[in-house]
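S.K.: Here is how the chains run, residue by residue.
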Amino acid sequence: EAQVTQNPRYLITVTGKKLTVTCSQNMNHEYMSWYRQDPGLGLRQIYYSMNVEVTDKGDVPEGYKVSRKEKRNFPLILESPSPNQTSLYFCASSLVSSGNEQYFGPGTRLTVT
Amino acid sequence: QKEVEQNSGPLSVPEGAIASLNCTYSDRGSQSFFWYRQYSGKSPELIMFIYSNGDKEDGRFTAQLNKASQYVSLLIRDSQPSDSATYLCAVGESGGYQKVTFGIGTKLQVIP
Numbered sequence: 098e099a100q101v102t103q104n105p106r107y108l109i110t111v112t113g114k115k116l117t118v119t120c121s122q123n124m125n126h127e128y129m130s131w132y133r134q135d136p137g138l139g140l141r142q143i144y145y146s147m148n149v150e151v152t153d154k155g156d157v158p159e160g161y162k163v164s165r166k167e168k169r170n171f172p173l174i175l176e177s178p179s180p181n182q183t184s185l186y187f188c189a190s191s192l193v194s195s196g197n198e199q200y201f202g203p204g205t206r207l208t209v210t
Numbered sequence: 016q017k018e019v020e021q022n023s024g025p026l027s028v029p030e031g032a033i034a035s036l037n038c039t040y041s042d043r044g045s046q047s048f049f050w051y052r053q054y055s056g057k058s059p060e061l062i063m064f065i066y067s068n069g070d071k072e073d074g075r076f077t078a079q080l081n082k083a084s085q086y087v088s089l090l091i092r093d094s095q096p097s098d099s100a101t102y103l104c105a106v107g108e109s110g111g112y113q114k115v116t117f118g119i120g121t122k123l124q125v126i127p
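Chains as they are written, first to last, in this note's numbering: chain A, 98 to 210; chain B, 16 to 127.
Any given hint could be a false lead.
[As the list claims (entries may be wrong)] Using C-beta positions, here's what the derived DEER-type ranges look like: (1) 135(A) with 92(B): 43 to 51 Å; (2) 55(B) with 102(A): 18 to 26 Å; (3) 115(A) with 27(B): 26 to 34 Å; (4) 183(A) with 22(B): 33 to 41 Å; (5) 136(A) with 31(B): 29 to 37 Å; (6) 95(B) with 177(A): 32 to 40 Å; (7) 159(A) with 17(B): 12 to 20 Å; (8) 57(B) with 170(A): 43 to 51 Å; (9) 67(B) with 210(A): 25 to 33 Å; (10) 135(A) with 17(B): 16 to 24 Å; (11) 43(B) with 150(A): 28 to 36 Å; (12) 71(B) with 203(A): 27 to 35 Å; (13) 102(A) with 97(B): 20 to 28 Å; (14) 119(A) with 73(B): 31 to 39 Å.
Don't read these hints as lab results, they were simulated from the structure. Computed from a prediction, not measured in an experiment: that's the story for all the values here. Glycine included, every Cβ here is placed at the ideal spot set by N, Cα and C.
Based on the provided sequences and hints, a complete structural model is requested.
M.R.: Laid out in structure tokens, this is it:
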């Protein structure tokens with residue numbers, strides 16, 4: 098089954114404790130992206146990647162890191178999480194040739210206390 | 016900051032009616048436009064995309080694009096209670112499509 102998977106689905110952590118949210122897709126998509134979704138603010142793009150070793154900042158990259166060492170994986174790293182990073186996070190992927198019609202993962206709900 | 020504007024709603028329509036969802040965008044050079052549906056607690060799901068001026072129909076859904084007015088809309092014919100969800104408008108940036116800006120979404124309620 099073609100899908101985007103994220104882990105963990107739910108995470109409660111404390112300020113400053115480094116964490117990684119994994120994202121993996123099995124559709125051989127070149128493009129992958131991370132979003133956060135907050136009430137009243139909608140979906141905002143954090144980082145995106147056009148292919149392996151090619152990443153770029155979205156609209157809200159502060160406090161986040163990403164890497165793209167393999168085509169199928171695009172982890173999101175929070176080196177020192179803060180409470181304002183409490184949010185619902187989505188990973189998405191698409192084929193470059195498709196015009197960026199994105200498929201979304203199930204989401205990761207992160208709470209930073 | 017490129018902007019995509021949507022009325023957050025809720026937009027209430029009776030079952031069987033046409034639901035009209037609207038979206039405006041600020042980047043005149045934008046070239047790709049998407050509508051996603053998001054049920055409560057779920058991830059967004061792509062339902063329509065459009066790249067050229069005019070209408071594009073897929074089943075009960077019609078996307079309309081007017082680049083001169085920087086306006087994109089989604090019509091849902093014969094609305095069903097199962098269409099009740101939040102509809103997100105998304106716009107790909109000019110010069111490529113790497114960056115995508117989403118609107119806050121319009122909540123649609125279809126009343127049986």
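S.K.: The structure should be examined with respect to each hint, and the outcome stated for every one.
M.R.: Each hint tested on the structure:
1. 135(A) with 92(B): 43 to 51 Å: violated (32 Å)
2. 55(B) with 102(A): 18 to 26 Å: holds (21 Å)
3. 115(A) with 27(B): 26 to 34 Å: With Cβ atoms ~45 Å apart, the hint is violated.
4. 183(A) with 22(B): 33 to 41 Å: Taking Cβ atoms as reference, residue 183(A) and residue 22(B) lie about 27 Å apart, which means the hint is violated.
5. 136(A) with 31(B): 29 to 37 Å: The hint (29 to 37 Å, Cβ to Cβ) holds, given that residue 136(A) and residue 31(B) are roughly 31 Å apart.
6. 95(B) with 177(A): 32 to 40 Å: violated (46 Å)
7. 159(A) with 17(B): 12 to 20 Å: holds (18 Å)
8. 57(B) with 170(A): 43 to 51 Å: Given range 43 to 51 Å: violated, Cβ gap about 23 Å.
9. 67(B) with 210(A): 25 to 33 Å: violated (48 Å)
10. 135(A) with 17(B): 16 to 24 Å: This hint holds: roughly 18 Å between Cβ atoms.
11. 43(B) with 150(A): 28 to 36 Å: The hint (28 to 36 Å, Cβ to Cβ) holds, given that residue 43(B) and residue 150(A) are roughly 33 Å apart.
12. 71(B) with 203(A): 27 to 35 Å: holds (28 Å)
13. 102(A) with 97(B): 20 to 28 Å: holds (26 Å)
14. 119(A) with 73(B): 31 to 39 Å: holds (33 Å)
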